[in-house]
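Colleague: Let's have the full structure, built from the sequences with the hints guiding it.
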Amino acid sequence: MSSAVVLTKNEEENIEKCIKSLSFCEEIIVIDDNSIDKTRDLANKLGAKVYERDMDKDYSAQSNFGMERASGKWVLFIDADEFVSEKLSKEIIEVVSEERGLSGYFIKRVDTIWGKELNFGESGNSKVLRLVKKGSGKWERRVHPNFNIRGKTSTLSNLLYHYPHQSVSRFIESVNRWSTWHAIANKEEGKESSIFKIIFMPIGHFVKNFIFRLGFFDGIVGFVFAVIMSF
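Residues in the sequence shown are numbered consecutively from 0, following numbering that gives the first Met the number 0.
One should not assume that every hint holds.
[As the list claims (entries may be wrong)] Here are the simulated lysine-lysine pairs, DSSO-like style, with alpha carbons at most 30 Å apart:
1. Lys19 / Lys115
2. Lys89 / Lys8
3. Lys8 / Lys72
4. Lys132 / Lys56
5. Lys137 / Lys151
6. Lys115 / Lys133
Rather than coming from a laboratory, the hints here were simulated on the basis of the structure.
Modeller: The structure is reproduced here in structure tokens:
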């Protein structure tokens with residue numbers, strides 16, 4: 000049995016498409032961070048188990064909360080602005096029905112921003128660990144979470160589609176929120192900032208993604224993406 004865990008906050012524009020793409024899962028769990036739109040109502044109507052929980056600037060704790068409530072042997076973690084392709088759903092059904100001695104699978108993810116599919120820069124060759132055996136590990140860090148997994152992993156062949164930041168204002172709002180959470184996480188971990196880091200780390204991040212990772216091949220959208228993601 001497989002369970003899907005979806006984290007949401009004001010995702011009425013995305014949640015239907017996301018949940019419908021998860022119809023192959025025996026259980027869909029939505030952990031909602033105090034949405035004020037129709038997210039929870041839509042998720043309930045589509046048959047998801049919906050829990051309301053304050054994220055409290057801790058993405059990993061929210062994900063772990065969802066995993067604890069999942070009854071499936073395998074758990075698929077999906078964001079509300081992502082959807083599973085038909086080919087990927089069939090591949091997931093296949094791998095969870097067989098015993099291959101693995102604890103998790105990375106999934107290739109394609110980002111599409113403002114109608115442009117990004118194939119280079121930070122989004123190029125993106126692989127995310129999202130399909131895991133329940134009990135094989137847990138999510139760590141408030142922001143930019145990492146699943147600390149015990150056991151072997153592999154990579155699935157088919158694609159997860161991601162449609163984030165569908166306006167510049169929402170993109171900047173998201174970056175501001177994540178940067179604040181990142182600062183809190185760094186403080187908790189005893190990491191100190193400096194004027195040097197504040198000035199030069201964004202520049203270095205931009206050069207790495209736009210120049211060395213060939214983000215310029217994604218055109219003006221790739222440029223804007225690289226600039227905003229530098230901060």
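Colleague: A separate judgement is required for each hint: does it hold in the structure or not?
Modeller: Against the structure, the hints:
Simply put, Lys19 and Lys115 have alpha-carbon atoms about 23 Å apart, close enough for the 30 Å limit, and the pair holds. Proposed proximity of Lys89 and Lys8 is supported: the alpha carbons are some 28 Å apart, at most 30 Å. In summary, the hint linking Lys8 to Lys72 is supported, as the alpha carbons are separated by about 26 Å, within the 30 Å threshold. Of the pairs offered as hints, the one joining Lys132 and Lys56 holds, with about 25 Å between alpha carbons and a cut-off of 30 Å not exceeded.
Of the pairs offered as hints, the one joining Lys137 and Lys151 holds, with about 15 Å between alpha carbons and a cut-off of 30 Å not exceeded. Of the supplied pair hints, the one linking Lys115 and Lys133 is violated, its CA atoms being roughly 35 Å apart against a limit of 30 Å.
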